[in-house]
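Protein sequence lines, in the order shown, are assigned to chains A and B.
Just so we're aligned, residue 1 is where the first sequence starts under the numbering used here, counting upward by one.
Just so we're aligned, residue 405 is where the second sequence starts under the numbering used here, counting upward by one.
A portion of the hints provided could be inaccurate.
What follows is a set of in silico ranges between Cβ atoms, one per label pair, in the way DEER data are often shown [claimed, not checked]: (1) E318/A to A712/B: 54 to 60 Å; (2) E318/A to T731/B: 52 to 58 Å; (3) Q284/A to P654/B: 51 to 57 Å; (4) R353/A to D420/B: 26 to 32 Å; (5) R559/B to D100/A: 49 to 55 Å; (6) D100/A to D728/B: 25 to 31 Å; (7) T507/B to R224/A: 58 to 64 Å; (8) S682/B to R224/A: 31 to 37 Å; (9) E645/B to R353/A: 30 to 36 Å; (10) S660/B to D99/A: 40 to 46 Å; (11) V727/B to R353/A: 30 to 36 Å.
No wet-lab data here; the hints were simulated from the structure.
Where a beta carbon is used, it is the ideal one built from N, C-alpha and C, also for glycine.
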Amino acid sequence: MSNVPSVPSSPVVPDDLSTPPPPPPPATNTSLCPNCGAAVVPDDGFCEDCGHTLRTDAIAAAADATPQPKPGATQVTAPTATTTQPKTPCALCGHEVLDDGFCSNCGAKALSRRDHWTEVPRADLAGVCDKGISHARNEDGMALAVGGGAETFSDGRMVILVCDGVTTAPESDRASLAACIDGSTSLLSAPVAPKANAAAVSHWTEQIRICAVAANAAAVGVARTLGNPVEPPSCTFVAAVAIAAPDALSTLIAVGWCGDSRAYWFGDDGDGRQLTVDHSLGTQMIASGMSPAEAEAQPTSHTITRWLGADSVNPTPEIMTMNPTGPGWLMVVSDGMWNYASSPPALALVMLRAAADLGSAATPLAIAESMAAWANEQGGHDNITVALGRINDPGFSTSSTSAP
Amino acid sequence: MANFSVQIYQNEFLSDNAADVHAVASVACTGAGTAGQMGAGTAAEIIIIDTSGSMDLPPTKITAARRAAKVALDEIVDGTQFAVVAGFNNVEVVYPNGFTLATMDANTRQQAQNAITRIRAGGTTAIGLWVNTATDMFLRSQTTQRHAILLTDGRVEGEEPHVLTQAIARATGVFQCDCRGIGENWDVEQLRRISTALLGTVDIIANPEDLEADFEQMMRESMSRGVSDARLRIWTPQGSEVLFVRQVAPEVQDLSDRAERISPLIVEYPTGAWSDGSRDYHIAVRVPVAPVGNERLAARAEIVVGDAVVAKGLIRAVWSGDVDLTTRIDPAVAHYTGQANLADAIQKGLAAKAAGDDRTATVLLGQAAKLAHDSGNESTTRLLAKVVDVVDVEAGTVRLKREVQKADEMALDTRSTKTTRIRRTEPSASAALPAPGPGAAAPAPAPAGTEPGAPT
C-alpha cells in the first residue's frame with residue numbers, strides 16, 4: 001500500500017492488520033461488560049463500547065495457540081471470576097488509549113477483538129473472522145463448537161455457524177453474532193441422533209431447522225433491544241453440523257442456509273463442490289435463463305432473497321445433507337471470501353496453496369488465517385470469514401496436539 | 405446547574421491519501437442560570453455612554469442614550485457590581501463616585517438612575533480611554549464575570565489610534581463587550597475590533613428611538629449568562645495541524661487569534677459567558693494519512709468549565725475506497741462554509757465599494773446575494789436588497805444601487821456575520837452533494853459491488 005504524506009511533517013502511520021491483540025480475561029455471566037462496565041446485550045460476544053470479548057471459548061482459543069480437545073462439551077458461556085483488564089496501550093504508538101476507544105497520542109482506533117478473531121474448539125476445526133480492509137466494522141459473525149449430548153467423544157459433533165450482517169441495516173453486526181451464538185448452542189444441545197443412518201439424516205435435518213429458528217430469534221431479539229427500528233438488523237445464515245454416521249463408515253454432514261454465505265466440500269480425492277445455492281437475485285436470474293456471466297454483471301445480482309431478522313419474510317433455511325466416506329474439508333465462508341474465488345476449483349486452489357506453503361504446519365487454523373490474509377491482499381472489500389473442518393481423518397480429530 | 409452537550413456533524417470518510425477533516429461541532433447549553441448567582445463568583449456590568457458633543461446633534465441621540473442606560477440599569481440583578489461611565493475626550497464615572505464599582509441594590513439603583521439623568525454632552529471621542537477605564541475598574545473589583553455595553557456615535561477623535569489598539573489588547577480576557585453605534589458617523593471597523601477581541605457583538609442603531617429596546621435586550625442577555633467562562637478545547641493527534649476553528653452560529657467569528665496552546669496536542673479557545681442556547685463551530689484539521697480501511701481520531705472537541713471537561717465530541721477520519729462515501733459533504737459543513745463565504749463576500753464587497761472599485765464590489769456582492777438566497781438566509785437577503793438590485797439571483801448577478809443610505813450599508817456590514825442555522829436531522833449523517841440546507845440524511849449504502857443488500 002503506497003502512502004504519500006500530504007504534509008511533509010506528517011509521518012504516515014503504518015498499520016498491521018494481522019497483529020493479534022493480547023488475550024483478554026474470561027467474562028462473567030452478567031449483563032455488564034467486565035472491562036468497561038457498559039451494559040451489554042446478554043447474547044453479545046463482544047462489548048459494543050470497548051470491544052472486550054464476552055464469549056469464553058473465543059477467549060480460550062485466543063489464549064491457547066495450540067488446539068486441544070475439550071474434556072467435555074464446549075460451553076458457550078462459562079461463569080468465571082471477573083478480572084480487571086489493564087488498559088492495552090495503543091498498538092501503533094504505545095501511548096495510552098483513552099476511554100473513548102482512541103489513542104491519546106496518535107488517535108488510532110483501539111483494536112477491537114471483533115476486528116479479527118479466531119476459534120479453535122478442536123484440532124480438526126478452526127475458523128477466522130476478519131473485518132477486511134474497506135469496511136470500518138466487522139459485521140460477520142462466527143461460532144464454532146464441538147461435542148455435545150450425553151455421550152461426548154463418541155458423538156463429537158462438529159458445529160459451524162457463519163452469519164454475515166447486512167451493512168445497510170444498522171447494528172447488523174450485533175444480530176450476526178447473536179444468531180451465531182444461539183445457533184451453535186442449539187446444535188450443541190441437540191439430542192443424540194437415532195442409531196440408523198436414514199433416521200440420523202432426518203434427525204439432523206430437523207435440528208438444523210431448529211437451529212435456524214433459534215438464530216432468527218436472536219436476530220429478532222437484537223431488533224427488539226434496539227426498539228424495533230424501521231430497518232432492523234439482518235444477516236445471512238449458514239449452519240453446518242458434521243458427525244460420525246451411526247454405521248461409523250462415513251460422516252454425516254447437514255447444512256442449512258439463508259442468503260449467500262456458502263458451504264463447500266473439498267474431498268482429498270479431488271471432488272470439490274459448492275454445497276449451498278445462494279439465495280440471491282443472481283441465482284434467480286440464472287434460473288430464468290441468464291448466463292452466469294451475464295447475471296454476475298448485473299448490479300443487483302448479489303441482493304439476497306432470504307435472510308434472518310425482524311423484517312424477513314422467509315427466515316427458514318434451505319437444507320442439504322451429504323455422506324462422504326473419504327477424507328476431505330468442510331468449508332464455510334462469507335462472501336468476503338468467495339467473492340475473490342467463487343468456483344470450487346478456484347477456492348480449492350487458494351486452500352491448497354495455503355496448505356502447501358504451510359507444509360507440516362498446515363493446521364485448520366493456519367490454513368484459514370492464510371486464506372483470510374489472501375482475501376485481504378486481493379483488496380479485502382468486505383468482512384472475511386473462513387471456517388474449516390477436517391472430515392474423515394482420525395489423525396486430526398483425536399490427537400491432542402496439531403502437527404508441528 | 406449548567407448542562408453542556410456537543411454534537412458532531414461530519415462526513416468521516418476520506419479517500420486514499422486525503423488528509424483534511426471538516427466537522428461542525430454544535431454546542432448546546434441548558435440550565436445556565438443567572439449571571440453571578442450560581443455560586444461561582446460575582447458578575448459585574450459597566451454601561452459606557454458616548455457623551456461627546458456630537459451626541460447633542462441632534463439632541464435625540466443623547467436623550468435616547470440616557471433612556472437606554474436607565475433601561476439597561478433596570479435589567480441588572482441585585483448583587484451585581486456595576487458602574488455607568490460617560491465617555492468623551494475624558495471619562496466621567498456617572499455612578500458611583502470614583503473608580504470602584506458599586507453593588508446593585510434598591511438604593512444604588514435609584515441613585516444611579518438619578519445620576520444618569522444628569523448626563524450632558526460635550527467633548528470628543530476617546531474610545532481607547534473609555535476601554536482602559538473599564539479595564540481598570542473591572543480589575544480592581546473582586547468579580548469573575550465581567551461585561552460592558554459601549555455606545556458611540558462617532559469614530560475615535562482626539563486620541564492617537566494606537567491607544568485604542570493597546571486598550572483592546574489590555575482588555576482582552578478581562579471583560580466581554582457589546583458595542584453599538586448610533587447614527588451613521590461611527591466606524592464599523594473600530595467597533596468590530598473591540599467586539600471581536602472582547603467576545604461581544606456589534607450593531608448599528610440607525611434610529612435613536614430603537615436604542616432602548618436594544619439596550620434592554622443586551623443587558624437581559626448578559627444577566628442570563630449563568631456560566632461565566634467556557635472554553636472550547638481541541639485535541640488533535642501527533643503530526644496533525646489545526647487548519648481553523650471558527651464559530652459559525654449565531655455569528656461567524658474566526659477564533660484562530662484566540663487560540664491558546666496548553667499542551668503539544670491541545671489548544672483552547674475562550675468562548676466567554678454562556679446563557680441557555682447553542683453555538684456552532686466549524687473545525688478543520690489536517691491529519692497524517694492512514695491506509696484505506698483505517699480509522700483514526702482527527703480531533704476531540706471538548707467544552708471546559710473551570711477545570712472540568714463538561715461535554716465532548718469525537719471527530720473521526722475513516723479512510724475508504726468507496727467513492728460514494730468519500731465524495732459526500734456533510735450538509736452542516738457545506739452550509740456553514742457557505743455562510744462564512746457569505747460574510748466574507750459581503751465584507752470584501754463593501755470594502756471594494758468604499759475604495760471605489762465598483763466592478764469588484766458588484767461581483768462580490770453578487771456572490772453574496774446568491775449565497776444568501778441559496779442558504780435561506782432571509783435577513784441577509786433583505787439587507788443586501790437595500791444596497792444592490794438583484795438581476796439574477798441564481799447566477800449571482802446584481803447591480804449596485806445608485807443611491808444607498810449609509811445606514812443601510814453599515815447595517816449590512818455589521819450584520820454580515822449573522823448566520824442562519826441549518827435544519828438537520830441526525831448527527832454525523834452525510835447526504836449527497838450538492839445541497840446545503842435541509843433534508844433527511846440517507847444512511848450510507850453498502851460499498852459498491854461488495855455487500856449484498858436486503859431488498860426493501
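Tested hints:
no.: 1; hint: E318/A to A712/B: 54 to 60 Å; verdict: 58 Å, holds
no.: 2; hint: E318/A to T731/B: 52 to 58 Å; verdict: 39 Å, violated
no.: 3; hint: Q284/A to P654/B: 51 to 57 Å; verdict: 55 Å, holds
no.: 4; hint: R353/A to D420/B: 26 to 32 Å; verdict: 29 Å, holds
no.: 5; hint: R559/B to D100/A: 49 to 55 Å; verdict: 50 Å, holds
no.: 6; hint: D100/A to D728/B: 25 to 31 Å; verdict: 28 Å, holds
no.: 7; hint: T507/B to R224/A: 58 to 64 Å; verdict: 60 Å, holds
no.: 8; hint: S682/B to R224/A: 31 to 37 Å; verdict: 34 Å, holds
no.: 9; hint: E645/B to R353/A: 30 to 36 Å; verdict: 45 Å, violated
no.: 10; hint: S660/B to D99/A: 40 to 46 Å; verdict: 30 Å, violated
no.: 11; hint: V727/B to R353/A: 30 to 36 Å; verdict: 32 Å, holds
Checked against the numbered hints given earlier, the structure breaks hints 2, 9 and 10 and satisfies all the rest.
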